[in-house]
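Produce the complete structure using the sequences and hints provided.
The listed protein sequences derive, respectively, from chains A and B. Everything in the first sequence is counted per this note's numbering, starting at 1 for the first residue and increasing by one. Everything in the second sequence is counted per this note's numbering, starting at 1 for the first residue and increasing by one.
Heads up, a few of these hints could be off.
Derived pair list, reagent style EDC-like, types lysine to aspartate or glutamate, alpha-carbon separation capped at 20 Å [claimed, not checked]:
#, chain 1, residue 1, chain 2, residue 2
1, B, K79, A, E80
2, B, K75, A, E82
3, A, K95, B, E34
4, B, K75, A, D83
5, B, K7, B, E34
6, A, K95, B, D77
7, B, K75, A, D52
8, A, K124, A, E187
9, B, K79, A, D52
10, B, K75, A, E87
11, B, K75, B, E61
To be clear, the hints were calculated from the coordinates, so they are not data collected in a lab.
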Amino acid sequence: MADAPTPTQAPPRTRADGGEEAAQGTPTARSTAAQPPSAADAEVLARAQAGDHQAFAQLYALHKRRIYSLCLRMVGNVAEAEDLTQEAFLQLHRKIATFRGDSAFSTWLHRLAVNVVLMQLRKKGLSLISLDEAMEPNPEEGPSRSFGAPDLTLAGTIDRLALERAIADLPAGYRLIFVLHDVEGFEHNEIASMLDCSIGNSKSQLHKARLKLRDALRAQNRQEARP
Amino acid sequence: MNGDPSKMSCAEFQAQMAELVGSGEDLSAHPHVEGCERCRALLADLTTIVEAARQLFPSVEPPDEVWEHIESAIKRDDKTAPNAG
Chain A
1 MADAPTPTQA
11 PPRTRADGGE
21 EAAQGTPTAR
31 STAAQPPSAA
41 DAEVLARAQA
51 GDHQAFAQLY
61 ALHKRRIYSL
71 CLRMVGNVAE
81 AEDLTQEAFL
91 QLHRKIATFR
101 GDSAFSTWLH
111 RLAVNVVLMQ
121 LRKKGLSLIS
131 LDEAMEPNPE
141 EGPSRSFGAP
151 DLTLAGTIDR
161 LALERAIADL
171 PAGYRLIFVL
181 HDVEGFEHNE
191 IASMLDCSIG
201 NSKSQLHKAR
211 LKLRDALRAQ
221 NRQEARP
Chain B
1 MNGDPSKMSC
11 AEFQAQMAEL
21 VGSGEDLSAH
31 PHVEGCERCR
41 ALLADLTTIV
51 EAARQLFPSV
61 EPPDEVWEHI
71 ESAIKRDDKT
81 APNAG
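Okay, here's the thing in structure tokens:
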């Protein structure tokens, strides 16, 4: 086997339909989750599919940040996120020849990574059993229908730590949708493709996730307001 | 519930929100919202949450060791593959 270059030897700045540059966290980068790949990117992908280890290293360099960040946001633990990233790219290496281009490569890769994350959550005994169930969280875990009085609105300000805590406490299915759309910047059609659900389902679940976050933040505000 | 969306109660509107969003409706343009300060505040809260979320979780690179582990595992995979030479 030819030695693959280290990621630092691979060109990390070439885009591959939403690869490295889309992960910089800027507002403009957020909307580029599935840009069409350039001819050079397509060539790297084709070479990796043919078993070229250097090309696979390039793919890793292009997508590592987004996949690692997704894992980290989902599990909230660095060591676990590293393990999941490793597993996702190993799975990619084993399955890359089966990619047929029916969706953007980054969407396909994210779907693979999401499955790896969901497997891990299932191993940890969370209530998340499958993607279907991820999309249909327990009704008891859904947002309440609290018809908020104006004095209990968030008033345009949210404490960062409180929001991070609220996201971490979301049921895994809601957290997945919220992270993919509102943090990662994927569009609903891409999420629907990743999670095997309808676009409408993705939209409505995201809305419920946001409502649940609002419930949690308002509850925290109420607690802090108590004498 | 009556048939006129502008005469919906807040409870009726909020019970339908997820379904409306799922069908692609712009909630901010819903007739109930146009006349309801409380539900406008709710939607404003959701916007605030989305904007705040964008400031969270800066994307980060995995440490180099992750690639080293992947490389090692790939080499192991290749050695155990049926046609490994």
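Against the structure, the hints:
Between B/K79 and A/E80, the direct Cα distance comes to roughly 27 Å. Violation of the 20 Å bound is thereby established for this hinted pair. At most 20 Å may separate the alpha-carbon atoms for a hinted pair to count; B/K75 and A/E82 meet this at roughly 19 Å. Proximity of A/K95 to B/E34 is assessed by CA-CA distance (about 51 Å); at most 20 Å being required, the pair is judged violated. Proximity of B/K75 to A/D83 is assessed by CA-CA distance (about 17 Å); at most 20 Å being required, the pair is judged to hold.
Under the criterion of a C-alpha separation no larger than 20 Å, the hint pairing B/K7 with B/E34 is consistent with the structure, at around 11 Å. For the given pair, A/K95 sits about 12 Å from B/D77 by alpha-carbon distance, which is consistent with the 20 Å threshold. With a C-alpha separation of about 13 Å, the suggested pairing of B/K75 with A/D52 holds against the 20 Å cut-off. A hinted pair counts as satisfied when its Cα atoms are at most 20 Å apart, and A/K124 with A/E187 does not qualify at roughly 29 Å.
The hinted pair formed by B/K79 and A/D52 meets the criterion: a straight-line CA distance of about 16 Å does not exceed 20 Å. As the CA atoms of B/K75 and A/E87 are separated by approximately 14 Å, the hinted pair is consistent with the 20 Å bound. The suggested pairing of B/K75 with B/E61 is violated, with an alpha-carbon distance near 23 Å, which exceeds 20 Å.
Hint compliance for this structure: hints 1, 3, 8, 11 are not met, and every other hint is.
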